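Student: Chains as they are written, first to last, in my numbering: chain A, 1 to 444; chain B, 1 to 444.
Source of the hints: derived by calculation from the structure; they are not laboratory data.
You can trust all of the hints, since none of them are fake.
Given that identical chains are not distinguished, each listed pair holds provided it fits within a single copy or across any two copies.
Below, a list of computed lysine-lysine pairs in the DSBU-like style, where the Cα atoms sit at most 30 Å apart:
| # | residue 1 | residue 2 |
| --- | --- | --- |
| 1 | K382 | K98 |
| 2 | K98 | K417 |
| 3 | K9 | K55 |
| 4 | K381 | K98 |
| 5 | K55 | K98 |
| 6 | K9 | K98 |
| 7 | K192 | K173 |
| 8 | K189 | K173 |
| 9 | K362 | K417 |
| 10 | K382 | K410 |
| 11 | K189 | K55 |
| 12 | K382 | K313 |
What you are looking at is a predicted structure, and each value in this text was computed from that prediction instead of being measured.
There are 2 protein chains.
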Amino acid sequence: MTITPRTLKGFRDFLPAAMIPRERLIETARNVYRSYGFVPIDTPALEYEEILLGKGSEETDRQIYRFADQGGRRVAMRFDLTVPLARFVAQHIQQLGKPFKRYHIGPVWRGENTHRGRYREFYQCDFDTIGTQSIAADIEIVLVIHDLLRAIGVERFTIRINNRKVLNGLLSKLGLASASVPVLRALDKLTKTDRDRVAQEMMSAAGASAQQADQVLALADLNGDRDSVVSSLQEIVHGSEVGQQGVAELQQVLAGSLAAGVDSEHLQLDVSIARGLDYYTGTIVETFLDSLPEIGSICSGGRYDNLAELYTKEHLPGIGASLGLDRLLAALQELKLIDTVATTAAVFIPYFDASELNSYLKIASWVRQAGYGVEVYPEPKKLGQQLSYAADRGFQIALIAGRQELDNGKCQIKNLKTRHSLEVATGPNGAGIVQTVREILARD
Amino acid sequence: MTITPRTLKGFRDFLPAAMIPRERLIETARNVYRSYGFVPIDTPALEYEEILLGKGSEETDRQIYRFADQGGRRVAMRFDLTVPLARFVAQHIQQLGKPFKRYHIGPVWRGENTHRGRYREFYQCDFDTIGTQSIAADIEIVLVIHDLLRAIGVERFTIRINNRKVLNGLLSKLGLASASVPVLRALDKLTKTDRDRVAQEMMSAAGASAQQADQVLALADLNGDRDSVVSSLQEIVHGSEVGQQGVAELQQVLAGSLAAGVDSEHLQLDVSIARGLDYYTGTIVETFLDSLPEIGSICSGGRYDNLAELYTKEHLPGIGASLGLDRLLAALQELKLIDTVATTAAVFIPYFDASELNSYLKIASWVRQAGYGVEVYPEPKKLGQQLSYAADRGFQIALIAGRQELDNGKCQIKNLKTRHSLEVATGPNGAGIVQTVREILARD
Numbered sequence: 001m002t003i004t005p006r007t008l009k010g011f012r013d014f015l016p017a018a019m020i021p022r023e024r025l026i027e028t029a030r031n032v033y034r035s036y037g038f039v040p041i042d043t044p045a046l047e048y049e050e051i052l053l054g055k056g057s058e059e060t061d062r063q064i065y066r067f068a069d070q071g072g073r074r075v076a077m078r079f080d081l082t083v084p085l086a087r088f089v090a091q092h093i094q095q096l097g098k099p100f101k102r103y104h105i106g107p108v109w110r111g112e113n114t115h116r117g118r119y120r121e122f123y124q125c126d127f128d129t130i131g132t133q134s135i136a137a138d139i140e141i142v143l144v145i146h147d148l149l150r151a152i153g154v155e156r157f158t159i160r161i162n163n164r165k166v167l168n169g170l171l172s173k174l175g176l177a178s179a180s181v182p183v184l185r186a187l188d189k190l191t192k193t194d195r196d197r198v199a200q201e202m203m204s205a206a207g208a209s210a211q212q213a214d215q216v217l218a219l220a221d222l223n224g225d226r227d228s229v230v231s232s233l234q235e236i237v238h239g240s241e242v243g244q245q246g247v248a249e250l251q252q253v254l255a256g257s258l259a260a261g262v263d264s265e266h267l268q269l270d271v272s273i274a275r276g277l278d279y280y281t282g283t284i285v286e287t288f289l290d291s292l293p294e295i296g297s298i299c300s301g302g303r304y305d306n307l308a309e310l311y312t313k314e315h316l317p318g319i320g321a322s323l324g325l326d327r328l329l330a331a332l333q334e335l336k337l338i339d340t341v342a343t344t345a346a347v348f349i350p351y352f353d354a355s356e357l358n359s360y361l362k363i364a365s366w367v368r369q370a371g372y373g374v375e376v377y378p379e380p381k382k383l384g385q386q387l388s389y390a391a392d393r394g395f396q397i398a399l400i401a402g403r404q405e406l407d408n409g410k411c412q413i414k415n416l417k418t419r420h421s422l423e424v425a426t427g428p429n430g431a432g433i434v435q436t437v438r439e440i441l442a443r444d
Numbered sequence: 001m002t003i004t005p006r007t008l009k010g011f012r013d014f015l016p017a018a019m020i021p022r023e024r025l026i027e028t029a030r031n032v033y034r035s036y037g038f039v040p041i042d043t044p045a046l047e048y049e050e051i052l053l054g055k056g057s058e059e060t061d062r063q064i065y066r067f068a069d070q071g072g073r074r075v076a077m078r079f080d081l082t083v084p085l086a087r088f089v090a091q092h093i094q095q096l097g098k099p100f101k102r103y104h105i106g107p108v109w110r111g112e113n114t115h116r117g118r119y120r121e122f123y124q125c126d127f128d129t130i131g132t133q134s135i136a137a138d139i140e141i142v143l144v145i146h147d148l149l150r151a152i153g154v155e156r157f158t159i160r161i162n163n164r165k166v167l168n169g170l171l172s173k174l175g176l177a178s179a180s181v182p183v184l185r186a187l188d189k190l191t192k193t194d195r196d197r198v199a200q201e202m203m204s205a206a207g208a209s210a211q212q213a214d215q216v217l218a219l220a221d222l223n224g225d226r227d228s229v230v231s232s233l234q235e236i237v238h239g240s241e242v243g244q245q246g247v248a249e250l251q252q253v254l255a256g257s258l259a260a261g262v263d264s265e266h267l268q269l270d271v272s273i274a275r276g277l278d279y280y281t282g283t284i285v286e287t288f289l290d291s292l293p294e295i296g297s298i299c300s301g302g303r304y305d306n307l308a309e310l311y312t313k314e315h316l317p318g319i320g321a322s323l324g325l326d327r328l329l330a331a332l333q334e335l336k337l338i339d340t341v342a343t344t345a346a347v348f349i350p351y352f353d354a355s356e357l358n359s360y361l362k363i364a365s366w367v368r369q370a371g372y373g374v375e376v377y378p379e380p381k382k383l384g385q386q387l388s389y390a391a392d393r394g395f396q397i398a399l400i401a402g403r404q405e406l407d408n409g410k411c412q413i414k415n416l417k418t419r420h421s422l423e424v425a426t427g428p429n430g431a432g433i434v435q436t437v438r439e440i441l442a443r444d
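Construct all of the structure, not just a fragment, from the sequences and the given hints.
Tutor: This is the structure in structure tokens:
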């Protein structure tokens, strides 16, 4: 009796055609993070339950996979990479030193409702700088996001920048400082519902007056060039020290990003960003693809005051962001910015003559040594069948040689895209083949 | 009240100095697998319990982390990547086509006894070719292992090759075919105990005569050059069809590997390898570091008959191997083949003049665009403090510029290894700095 092969609801198998671009995107992220000196860490999938419980909302707690292990310990699977980071830095900060700049890429698990297209296992791809209040770290977050999107090949994107202190300043000027959570919760709905309802909610849930609600909502109206937005903000927060500091930080982040070569068109001050405001304490960033803004932010983050307060008395401020891998991959697919191939190698060698396997292995080895991936088909099937295997998977070149060609030191090179073939002399250690492969791959 | 930050027994945090070489090794493995056309897949950490239970030994079953999820389903965390592969190919083989060559790198979990230095969470790093009986796939396993070790920088290693059919042939000639499991179990102890005891066990546990035990143990005496070993084997299996096929396959694997450029010194016929013999059906490989043979095989695998028989009626033969990541990393450390650094970037820019942050960001961006990782220190602390941060982490170069130097278009470049400094002209878009950085990194 066979067992039905199936996966759990909300969990995914990644087939090669999906996994190849996924791996490439992760590699790109890793390379960009590294180019700023962020270093990798990893933490266990399982933690003591007490480390993870009660760190998010009640809903998060319900979603955590948790159980008793073989030794009777209450354990839980990590639901994000931030809580483990907090535990990690509290435990190791003496050894790590400050600033500590880490990236962490790995799976997390949440027993979520799958109706909204959510998955119960997904990757997070985070980078954070811990242990410094310096605005240099804030600027760097913008630079990393910028370089990452450029490295992926996205040309048109906007990094929206806000600063929690601006809103804090305004709210304290309006006497609404103690109602900031319900005010923010209402403000966050501005993208989904109309302004009147948001104002209504500010009044009913946060006890704001109509005039106060109006003054908060005025933030969302700030448009136009950055200099005029900055001037308006300066007026709005005038008299509030924290508000003025927020505006100054916004200016520094902008100026630093521009100095480091970020094109002005990629940067936007957007003081209406409210999501995450109740967690973040300073700079906040969100990133939108100009061609697909409706999918939401594909890389978000911000500054927080004290990462690890639950685990240590040491004060550890930080700033970080998280790349939304699944969302970005879906977008890249929609924008046709990723090729769908099911091979990691460019060159295919059919097993053409049943007695010549070792010749094919030798040719493959020469081409591989020149830096190109080569797959040798393992069975001497009909050539047509082997070539359609190669074409289906997206190989670019086939190297075809029968015994006669091999005896004469020749090889046929077929460009599988253009279907053009030519015969070349193999050359010493395959130099003739390698040269033609190099030319075709550089050109097509 | 703070929660004590701690990890579960058998689980590890990876700090940057441990994670950097780990990530590099995984990248190297991935690149070598890709260069042969192996493609990546991923499967969920959690599977239905029935998929995983009863696939290994009873001990394995006890080690599996399993529980009821929020929906009451019995779920289990994967304990290897082979059982999920079997489920995966059974489920998707129509879409994948054959041959299917995949690699899969990811964590697995086993609630093992940690006394023997075992971990409860560790990475597996597997590659397999499914759906072909061709010896080409067997040869390729050897080539992949060879290229992988060369890519890592290991010069002296031995790939030991065996074939289950040779032993099968001998056992059937001796009339011991039905006792192969206890015979193998005894033979496997040859590295740990003396020959007499192994013979004794073959007699007591497998019902072999003293003469039969002697004839099996004669396999372990086969030494000398490969041609003479092959001749002896041909005599030993003479008259057994399956035995002769085994010897022929061994010869083909050797000849194919040599044809593809593997140096003869890396290959050894070793028909006494018994580990895994009760699972594998043909070629078997193990890989030893010549300078550290005592740590055991760092990459092992072999051919199996029917991967997914529990999940599908389709017959799916295959061959694959698994890189022992933890073991290899420990060995590389012991052989001093990995640098211990705690940075992913080579170039460090101290925040020297408090008013010049944007200048440092600009220089960093120029150098980064030339392909070098650059970290800008986020706080304008004392230069000595910043430089010792850089030296501790293993940065190679510091770019130091005060306001005066910046005003004069100059920058000081300090080689942190040699402690030699020189002043260069920044040049347009930092070209002068980039050139010197390139020279130092190419040289030192």
